[in-house]
Every structure is written in structure tokens, then in C-alpha cells.
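Peer 1: As a plain string of letters, each chain reads:
2 protein chains.
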Amino acid sequence: MKVGITASKSDDFSEWYTQVVLKAELADYAPVKGLIVLRPDGYSIWESIRTSLDVKLAARGVRNGFLPVLIPESLLGKEKEHFAGFNPEVFWVTHSGENKVGDRLALRPTSETLAYSLYSKWIKSWRDLPLRINFWNTALRAEIKSTKPFLRTSEFLWQEGHTVHACSEEAESEVAAILELYRETVEGDLAIPVITGRKSEKEKFVGAVYTTTMESMMPDGRALQMGTSHFLGQNFSRPFEVKFADKDNVEHFAWQTSWGLSWRLIGAMIMVHGDDKGLVLPPKVAPLQVVIIPISYSGEEGAQVLAAAEGMEAELLKAGIRARTDKREELTPGFKFHDWEMRGVPVRIEIGPRDLKDGSAVLATRHDGKKSKVPLDGAAVNIEEELCRVQTEMLGAAKRALDGMIHDASSYGALTKAVEGGGFVRAAWCGGLECEEKVKEETGADIRVVPEGGAEGACIVCGGRAASIPLFARGY
Amino acid sequence: MKVGITASKSDDFSEWYTQVVLKAELADYAPVKGLIVLRPDGYSIWESIRTSLDVKLAARGVRNGFLPVLIPESLLGKEKEHFAGFNPEVFWVTHSGENKVGDRLALRPTSETLAYSLYSKWIKSWRDLPLRINFWNTALRAEIKSTKPFLRTSEFLWQEGHTVHACSEEAESEVAAILELYRETVEGDLAIPVITGRKSEKEKFVGAVYTTTMESMMPDGRALQMGTSHFLGQNFSRPFEVKFADKDNVEHFAWQTSWGLSWRLIGAMIMVHGDDKGLVLPPKVAPLQVVIIPISYSGEEGAQVLAAAEGMEAELLKAGIRARTDKREELTPGFKFHDWEMRGVPVRIEIGPRDLKDGSAVLATRHDGKKSKVPLDGAAVNIEEELCRVQTEMLGAAKRALDGMIHDASSYGALTKAVEGGGFVRAAWCGGLECEEKVKEETGADIRVVPEGGAEGACIVCGGRAASIPLFARGY
Ligand SMILES: [Zn+2]
Ligand SMILES: [Zn+2]
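Going down the list, the protein sequences come from chains A and B. In short: position in the first sequence from 1, add 914, done, that's the working numbering. In short: position in the second sequence from 1, add 914, done, that's the working numbering.
Hints are computed from structural coordinates only; laboratory data are not their basis. Since the model is a prediction, treat every value here as computed from it, not as a measurement. It is possible that some hints are incorrect.
One copy or any two copies: either way a pair holds, since identical chains are not told apart in the list.
Within a straight-line C-alpha distance of at most 30 Å, the following computed DSBU-like cross-link-like pairs (lysine-lysine) qualify [as the list claims (entries may be wrong)]:
hint, residue 1, residue 2
1, K1059, K1035
2, K992, K1014
3, K1014, K1062
4, K947, K1014
Kindly generate the complete structure, drawing on both the sequences and the hints.
Peer 2: Here it is, written out as C-alpha cells:
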């Protein structure tokens, strides 16, 4: 395997993606088809997402819990529509040691059924509501298509939140608040802009009343679902008997929500920001934010350079910046530049003898390749600002790219043509399943998201009265 | 179910334990036998342990990663002795959807085999060493005996660390350093004293050269293993071909360690510190450290009391203390006292109209039931000190209890009698398997830990020359 990225993002997007994942050491394939492992840099990005979301969830009163991975078949099958949706991709445990287990055990494809069978025991009265619990775990859904790290794997890291409310209004406002909090995380930390709205009836979560979603567009013109928040109404509280007694001691079925996002966000981040040199990491989630490279090693001069590099590293660490000096003497500065560029480190500092003389260092930013001088004195403040600028500029650039990939179509012909070119296509729709299915069949595009607001004019498929203006696209 | 704990710790330890776990809402039973779920207070304690350990591990250069839960049977079977040890309790996946999977898939009982099959790809030269990765996940081992939350479950939360080194000395010193770091976590955060040393050959981890362990003693006289750190030597690097090229480009098999601790620490914490009123939590891991209870609600007076309570809550939160005011008007202060005592909150603050008048509040500590006055002004500093005192005293009390449960036996008769009475029994041993097995068969006691240092005199079983003075006990 050659060291650097040998595929071009524009020429062979899929091969480029795989090379970046493997060579930047974010992930690797596990021995079982469909499964991947995360190496420390990959997992560190997930930890950053987790920490950021945890803070926001805690502020809303959401607490974390733990659910086991095994769900008995009888329980998973309790909500029929839900079960039918997941059944084909469920992994089944049939034996423990030499013994056959009675009821087959499913590896959780999602935990609604398990969580709600417990909630029905835990919730007795209005005092117990709202109940808001989140679970950081994995979900398992057998993938028969070829493995794609972060995007198509049979086990994936995610969080699933499950809340219970006394009235539908509170539950619906929870659904919206969580989606907004997801958006803040994805735009704020991963620098990926998203479009929010609802899924169509056809595309909603099996068992939900409706699903809200945030969608983004990848550089290859295919849409990616970035997270969903579902209003479950009483669809689960009835079969699972999640009931509460109100202040007058009258029993009611509760109103519920569930919501989740997964490590596919990492896949999106790679695709949206990466380039032919490899990964480009937004500073907020970069495992290493600043790499310091001493340019000289020999003699007195080398010692001074190394001392300056280590001094800066200490200063940056003290300021809470994730920084490291690359002291590998056997490698050239040029090799190191390429290596850290491939790994997406947002800021590189070069310190050589000449820099030392005028008390400065060279600062290079990964996302735009620009170089500037930074004074050695008080470097932390400057570099902190620089990291902030990088984060902002990366989101800005991604926003411009997204905007450039949203097209309008006022006829079925225009829609077909636009879908072919990739990106989102905005077109009026009557809301009918037939029209949605015709588009899917003939163009391969789904309705990815129906933004808020009504529509005027006619459905571009059937000519009927338009009800909304969804975004169509081929998706991952 | 009655609200409070109805079983006595001294009369029916097992029933008491289960009631505390369920009524303090740490955990609950899942629908599948052998499995439990963690409710937010239970999971929060695990999160505290995780955070504390993560900081210490990061300081040693250990980073976190992710491994999938499915391991192919052929890979799990690669180290024969290891496989034979785990095989009887492995859950097997045989189907995904309607399709039979080829090679049966094991739910990870532990991840040595999976991790090392990857390490063999990742490690090429001395530059890649040492490699230190830790995984926070669950392990699955089918339990046929009755479920006991945190102590005997078929899936449990744990961490498993796997390191690789160029020489055996470095690996062995890693084994020791990790055990020390475990001890700091358990003694420092959970206030549980431990005894460290090695496991006997019979009790070591299957596949290890040797296992080091920390053991503690529960109030019912049974020992509990609190965490283990294994020196694997080259036992796994040979079958898994974990090799590295040294500076002269000569290939060597690497030296490895693995180590883990699990949520049974939470079980130990409940048993060691709890009392007939319920849970007693060490402040460092308590989800809620201080509960503030307003004593009056009515009229002008009530408003003043509530304002004072909320003022203190804000001050404590600002100081980083986990505090909350219990504003439930429909419940009496007495009910609340009992409720929070059952949940183990370390410090309770009571604020009533009379307290307000002299600018103070009543502070009650859970672990010793003592009450004192605390000035409302600058309460955070006082309460922070109080939490520190509680933490220290709880460890001190637990240390005294442990010391009181270590007995010496200088004859086989004395050993048998001492084992019967519960606790650790220290007795000279020749090191022979036969003597160890005789003790186990006739008394039910295992060798829990062999502390460092040699021994004089004779083995109390066979009269042969003593090699060490292990601690015998019946265990969990
Ligand atoms: Zn139509
Ligand atoms: Zn002997």
C-alpha cells in the first residue's frame, strides 16, 4: 500500500473515500464482512461528537442509560409494522454455548421495543413525566451490499434517545428541539450544513407518526441523511402500555419520541471536507489540532529549534489546544508535511533556525493551504483564533457548495434531467405516494426532506394541486 | 412494591442488595434472563468511573478505539486454550434475517483474538510500538445461574485494554502500572480498599502468562475480584503473528498485555457502603452530591425559604458541585429525607424559616448520619470540604472493615474454620495445584490473590516448603 492518497476525489470518489479512511487510520475492516473497527483517531472524532451532544442533551434534562444488545423475538415483534421493517436485517442468536436458547434473541436493530417495555414499568403517574433517556450504543442491521466504512456497515455506533410525555404538544416540541440541537452539533462541530424538514410518509421511520430529518449533500451529488427525530404519537405507548395516571388519577397512554444520529456523520465529514491530499478535519473534532514540526535537528541549532517547538507545545496544551511536536528524526520535514496533511490536522507550525531568529514560526492551515507568520510569543492566543477562523471558513465553504447543489425544477422533464446531474432538486409535489414512487422508479431519486411551508402551483408529476416543495435526490 | 428498603443488610444480604439496586433505581431486569438495564443514576456512576479512568489512561498514552461485537468462530478458536475457556458461555449468531451465516459469529466474550488479528496488520516496525488501545464496550458471557445485577449478568459493561510492546520488561511494567492505576480509581473514587497481587496458575486468565488482580472483601464475607491486568507474553503474538521489525530490520514476536474492569465495581460499592436505609454513595461518583430540601412552602415564609434554597443550588452548581433542590410540594420533608437517603445522596441540606433567621442551614451527611450547621454565606466552600471529608471517611471505614476481615491461619484446621466464618484467610502455601484444589474442594475457598513477597515455613495443606502466603476466600 502506497503511503499517500493515490486516488483523486473528483475522478474516483469511492476509491478516494476508502483510501482516506484507511490511510488516515480512522478505521479498518474487521474480519467479518460488513463490520469495521475504529482506530484511535476515528474513535476520538466520535468521542468529540458524543461530548458535544451530551452537554446539549444534559441541558435539556436528558440523561444517559444502558440497554443490553439482546432483545427477545416476541418483544421485537410486538409492534407489527416496526418488526416487518427491521426483520430482514436482524442478526439472530440461537445458541449459548451448546444450548439452544428458547425465544430467539435479536441483536438490537433499534431499541424502541426494549426501552418501552421497561418504560411501562417505570412510569406510573404524571410525576414520572417527562422521561428523557438517551443510550450511546451500537445498532446491528445486516448489510448485504459491500461494506463502506461509516456509511454502510452491519454494526454502527449511534445514540438513540427515547422520551415520554404527558401531552402530544410537549412531545412534538421535543422532536423539533432535538432536531435543532442535532443541527447545531453537525453545523457547529463538523462544519456540515444541513437542510431540515420532514420525511414523506413513504420514507418515515417504521412505526412513527412522522419523522423529521436533517439532510446534507455529498460532493458526488448524492444526499446523506444526517440524523432523524421521530414523533411516535401513541403508536408504541398503546401496544407497550406506556401509561400514566394524571392528577385526577385518570390513566392515559403517553406520547413518545425517539431520535438518533450515528457515525455516518464521520463519513459525511470525510466526504464534504476532504481533498486529494486526504482528510481535512474541522478543528472542533480534530484529535490533533496543531502539529509542530521542527525543521532542523543537528547541533546547537537543532537543540534550540526543538526547545522552541516543545515550548510552544507546552503553551498550546496549557491553553487547552490539542497539540504535539513531531520529533521523529529519521523522517524529513517534507514527509511529515504530507503525512499530517493526509491525516487532516487543521494547523501545522514549522519552526526552523531562520524563524527562531526573528522570533516567529510559520503557520500553515490545512483547509486552504495558506501560510503565514506567527510570533512565538503568545502563540496560543493567535492559534486559538486561527482554529476558530478555520472552523468558520470550513462551514462557509461547505454552505456555498451545498447551495450550489440545490436546483429547481418546474417540470417533470427538468426534474429528471436535474436528478441525473446530481444534487438536490426542489420541485412541487401533490403529496401523493404514486407520484413519489414514479419519480423513484424512473429517476432513482427519493424525497429526502420536505422543508416547512406550503406550496403554490401544480405537482410536477401529476399536475394536481401542490402541497409542498420537497427536495428530491439520489441518496446513500 | 413498598417504597423503602424492607430487608436488613445483616439478616438477608442478598435480598437487601437486590432491593437497593431496584429501589434506588440504579438498574432493572431486562426481559431476557441474565440481562439488566441501567437507569440514569446507575449509568451516571459508570460514566464517572469511565471519565476518571480515561484521564489516567490518556496520561499513559492509552487511546480509545472501537471493536464490533461479532467475532467469527474460526478467529475466536485460534488460541486453543483461550477458546476452550470461553466456549461454554458464548452466544452464537447463526442467522441474519432469513439467511444462515457461514462461519458462526460469536458475541464477544472478550476481544483478544479480534484485536490481535488487527494489530498484526497495524504493527510493522519498532516505530509502531508501544501500541496502547483501550475499548469501552460490553462483553457477553451466558450466565446460567440466577441473575444478580452488576455481579452476575450475561452482558456487562467493561473496558478492555490491549497493549503491545517491543520487550517483555516494558510489557510487564505496563501490567503493573495499569493495576496501580486501577487501584487508584477504585480506592480514590469508589472508596473501596483493595489487595493487589497475582492470581494462582489455576485462577489466571486463560491464555495469559500470569494475571495480576485486585481483590476486595464484601460484608457477607465473600471476596470480589475488582479488576485484572494480564501479562500475555508472546502467547497471543505467536498464533496471531503480532510481529515487528527492529532497527536492524530483524522480525520479532511482540510482547502483550490485556486488562479490564467492569461494572461489578458498582456492585461492590453498593455492598461495601450501603446500609439498611439503602445506598450510600461516595461523593466522587454520586450522580447527585447535594440535595437541598426547603422545609416550608407556604406564604411569604415559604417564598423566602425557596429563594434561599435556589440561591444555594446556583452557588453549588457554579462551584461544580452536583446539586439539586427538591421542590416537590406534595411530599413532606420527612418523605424526602428517606427517599434521598435510600438513593445514597452524600449530603442533604435542610433550609427552614428558623435557619434562615440565623443565616444558616442544616447539613446532614449520609454515611454517618451526622447533622451540623452551615452558614448560608459561602456555603460552596464548606460543602466542598464536607464532600472531601465524606469521601475520605468512607474509604477509612471501608479499610477498617477490610482489615477486620483478614485472618491468619497456621494450620489446615484453622484455615477450614476461618473460611467458614467468612473473609480472607492468609495461609502459607507450597504453590502446588493439588493443595489449592484440596482447599477448594473441602472448604469452597479459592486462592483470591497472592501478594508480593515470599514465605517461610510450611504449606498448611501438605507441609511442604511454603512459597507464598496467598489470601484464600470464598468468592462471588
Ligand atoms: Zn402528484
Ligand atoms: Zn502444599
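Peer 1: Each of the hints needs a verdict: does it hold here or not?
Peer 2: Each hint tested on the structure:
no.	hint	result
1	K1059 with K1035	between (39 Å within a copy, 25 Å between copies)
2	K992 with K1014	both (23 Å within a copy, 24 Å between copies)
3	K1014 with K1062	between (34 Å within a copy, 22 Å between copies)
4	K947 with K1014	both (25 Å within a copy, 14 Å between copies)
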